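Q: Those sequence lines, one after another, are chains A and B.
Each position in the first sequence, counted from 1, maps to that position plus 146 in our numbering.
Each position in the second sequence, counted from 1, maps to that position plus 235 in our numbering.
Simulated from the structure, these hints should not be mistaken for lab results.
Quick caveat: nothing in here was measured; it's all calculated off a predicted structure.
Glycine included, C-beta positions come from ideal geometry on N, C-alpha and C.
Honestly, I wouldn't trust all of these hints.
[To be verified] Residues from chain B shown here face chain A by an in silico Cβ test under 10 Å; the list is partial:
hint, residue
1, 304
2, 315
3, 384
4, 423
[Unchecked claim] With a straight-line Cα cutoff of 30 Å, these simulated DSBU-like cross-link-like pairs (lysine-lysine) come out:
hint, chain 1, residue 1, chain 2, residue 2
5, B, 367, A, 239
6, B, 325, A, 386
7, A, 386, A, 239
8, B, 407, B, 367
9, A, 239, B, 325
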Amino acid sequence: MAVSLSYDLLLLLVISSLDWSSTPGSAFLTDHNRMTSSGRSEKKQQKRERATPVEPHFTECMSRDLETFRCWWSPGTFHNLSSPEELRVFYLKRNSPSSEWKECPEYSHLNRECFFDANHTSIWIPYCLQLRGQNNITYFNEDDCFSVENIVRPDPPVSLNWTLLIVSPSGLSYDVMVSWEPPPSADVSTGWMRIEYEIQYRERNATTWEALETQPHTQQTIYGLQAGTEYEVHIRTKMKGFPKFGDFSDSIFVKVTEIPLRESAVLLTLVLTFGVAGILILIMLIVVSHQQRLMMILLPPVPAPKIKGIDSELLKKGKLEELDFILNGGGLGGLPTYISDYYQDEPWVEFIEVDEEDADCGEKEDQKSSDTQRLLGLPQRSVGCFSADSHPDDDSGRASCYDTDLSEQDTHLLAASLLPGQPEDEEAFLHPDEKAPASETNKSPLIQTESEGKPTWINTDLYAQVSNVMPSGGVVLSPGQQLRIQENTEKESQKKGTLGEDTSKLNKPQFQLLVVDPDGSGYTSEITARQISTPPSSLVPGEGYQTIYPQPMETKPAAPSEPNQSPYILPDSPQTRLFAPVADYTVVQELDTHQSLLLNLPTQQPPPPCLPQHPLKAPVAIGYVTPDLLGNLSS
Amino acid sequence: MKAASICPNDQTGCHLLPLANLFDRVIQHSARMHGISDDLHSEFELYFLPSKNQIGRVSRNCHTSTILTPNGKENAQRIAREELAEIILKLLVAWRDPLWHFHQSMSQHDEFTNFSSNKSLEMSDMVHELRKGVLKVVEKMQMLGIISNSVGDTGSPEALLTSDSAEWRFMKDYDLLYCFRRDSNKIQNYLKILKCRIVPKHGC
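Chain B extracted, bound-state conformation:
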């Protein structure tokens, strides 16, 4: 395992081994989630050729646009680790219900192949799992004293009661997929940056 290489003789490094493993698993999970979302998005583009100004339209409709997220590597490296972890969790929570709803609508449409239907279900499940995984990582970090305890469970339903909650219902399937594809990429990159910042590694 890569994590083994980061365990020098000093004690501080060694007890981070399980945390590094956790991070790796979570990052793998997020990568897979992003891959599935990319596949689904490509499929949608094949079936439903988007109109010209898709990008402009979509950018207005993503329900997670209200969540402030670092828009670059430097920004992600600059903000606090707790904040980064919290953003990740916020994103994951925000996508829980829309993806479930999306899966429901997908299974109702006959034109979608079973492949797509399975992927949407998988995507929905993955968001759940990934959120749990990230929560575990946060717990571990808090246990190790790396981050403060300010990072709470943002999965409570009250957190969802934002203006976003209504918007995603109006999103069309394709827009939803586009938005999720983007957000899954965000999550993946944020996790990478977070790991690099918390678990010291060559090159970070």
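Isolated chain A (complex conformation):
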């Protein structure tokens, strides 16, 4: 019966051994990181117990220090054992073929544990264990063989403590350095065991643990913990190169109270705000105090029309007469200088241009020169200024005026012809004879005659007003009263163009003066020359001229008894009268059928392009003869 029972037992043993691929023995060897060491053996044990009645078996064998190890067994549910002592542990060291089973060196029946001390422990040698019950029943599983180095589970570290590393500026999170001592049982100092540590932490009431990477050092930093939350930290160890972890150490608790850094942050922001505001105020003060200078730097003033000695206010609307007064020697030294220097420059057209350039080159020029001189284009100006821009860009009229083939000689000629009583430079007058074209030969008599007639004009003002018109066609000029004329001109418009027109009209009498000159023979010849040589259309530059010229053409047949048939008003007797200094003048628009001058007639042709350029200088400039006219003269 016992035999049958043992047979049954054997059969059952074989069946069970066949059924189960994994046994406690193999569990020692094949345990990897797939499941934790603590739960593994229990699970399998439960499985076994649930499925079939289990025989006595070993639950676990473990080494803590790679020098000793111990095994635990369980009697199983197979049959009742009267006492634990009935089961005996035998082991076999497979280091030689002739090894035999030996009994456990040290029992601990209370724990059902067999302890193998250092003398009985051999590393790197397979051990096999078996349980033997009474009647020599052997419960043996091949899988219960292992090598000690594979069953090492080191003890957990001791002396855990933590220190605060750093708190984030917001005060919400912090880093903590956890340090510990290696397990005392493990011989780490000699290097016999090389241990790695794994830290796990979790919030106080959380269920899952956060695990950090296994590392061999005895301290580690935990980053990103939240302030105000309590954390639980524990560590476990394992041998380097082997998969089994030891038990967890006792937990320590880490907590950092939330520091009210918000106050400091608020303070900081307040300080920053006030600082920035203070700096801004300071900058504003500096800007305001140095406003003028800053404005000068940032927005340089636009150069306004400026004539030295003349208040710029006069240049504004309605004050032209005062300006003219000043310019024309209401103060002193207006005219003489200009008269003397006139010959040296080109006609008034030039003045205007130069004055424009004056604005550009104002700084270069000699500030001492009077405005009058500047207006007249006197040589005080820097040559560079003058010649720098020979082609003024925007004003076509100016350009045309400038670009006309006015030569100095021509200007001189014109000046000679126009100026009253300019005795100088007779040679200049003669020069054009050489250079002028054949058509200019007519000019020469004019010149000569002009020179003859010059002295008569010495004491004459620039402008003369026609005070009366002779029935013979002569014009009586009245001296002085330039202002009146200016007023008349002023009334029309203040613009350059219109002023130009007016001045051109004003110029007409000058021209007429020429015509009217009692010496007239030369002039008349001149006029006739003009009539012959110059078509009326060529007299485009000056409207006054234009008006004058065509009319004489028209009224040619109706010319008076003058032998030269000049439609112009040719004075007969009023020559003497004509010599009277004339200061005022008006514009002769046309001649009526009665050979009388009609004043202030509308112009029929566009004003000369050059005229608009000298609005204010018109009263001052002498030569209103346009370059075209001059050209005509010369030609």
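Given the coordinates of chain A, assemble chain B onto it according to the supplied hints.
A: Relative to the frame of chain A, chain B by itself:
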């Protein structure tokens, strides 16, 4: 370096500095070798689930089982330093050819990933390097007079002509890996013990 701490004012300690450095490097090397062997072994266990009685079977087949090795810390501390050094060298020599052969067979199998193939090659190379390193250490020790000159180069082919030489050819790959994993751990521990015995250090 740790070795610096073991150099007190006495002269005997100072000239051991380079030896301690050598030991450290060799120990690091052996640790890495053991790590690789462990990785490969785990991989093999994943691919080829071993049968139940693997451990018993394997223990019979390791070709280095014939080499007598100290089986515990005390034993390793008790035997002569020269003997310990010689055992280490024997082990390293014994694994030179099997690992090379293993690498060859690994590269032929398509199911192994490149990772495994590289590791087997690395393992094979490491055994070579480690043997050279240990030889250097032994030379240094002999030069310093710490050990006698009895430790010779056991790498000669004649030393390999033991019964072991044929056995490893019959070992399966998995068994080979298991055996090597065990032996690399032995080498690592022996080196540690040897260093502790030769270069005095706190705790040894």
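Q: Evaluate each hint against the coordinates.
A: Here is what the structure says about each hint:
{"no.": "1", "hint": "304", "in the structure": "holds, 7 Å"}
{"no.": "2", "hint": "315", "in the structure": "violated, 18 Å"}
{"no.": "3", "hint": "384", "in the structure": "violated, 27 Å"}
{"no.": "4", "hint": "423", "in the structure": "holds, 8 Å"}
{"no.": "5", "hint": "B:367 - A:239", "in the structure": "violated, 34 Å"}
{"no.": "6", "hint": "B:325 - A:386", "in the structure": "holds, 24 Å"}
{"no.": "7", "hint": "A:386 - A:239", "in the structure": "holds, 25 Å"}
{"no.": "8", "hint": "B:407 - B:367", "in the structure": "holds, 27 Å"}
{"no.": "9", "hint": "A:239 - B:325", "in the structure": "holds, 23 Å"}
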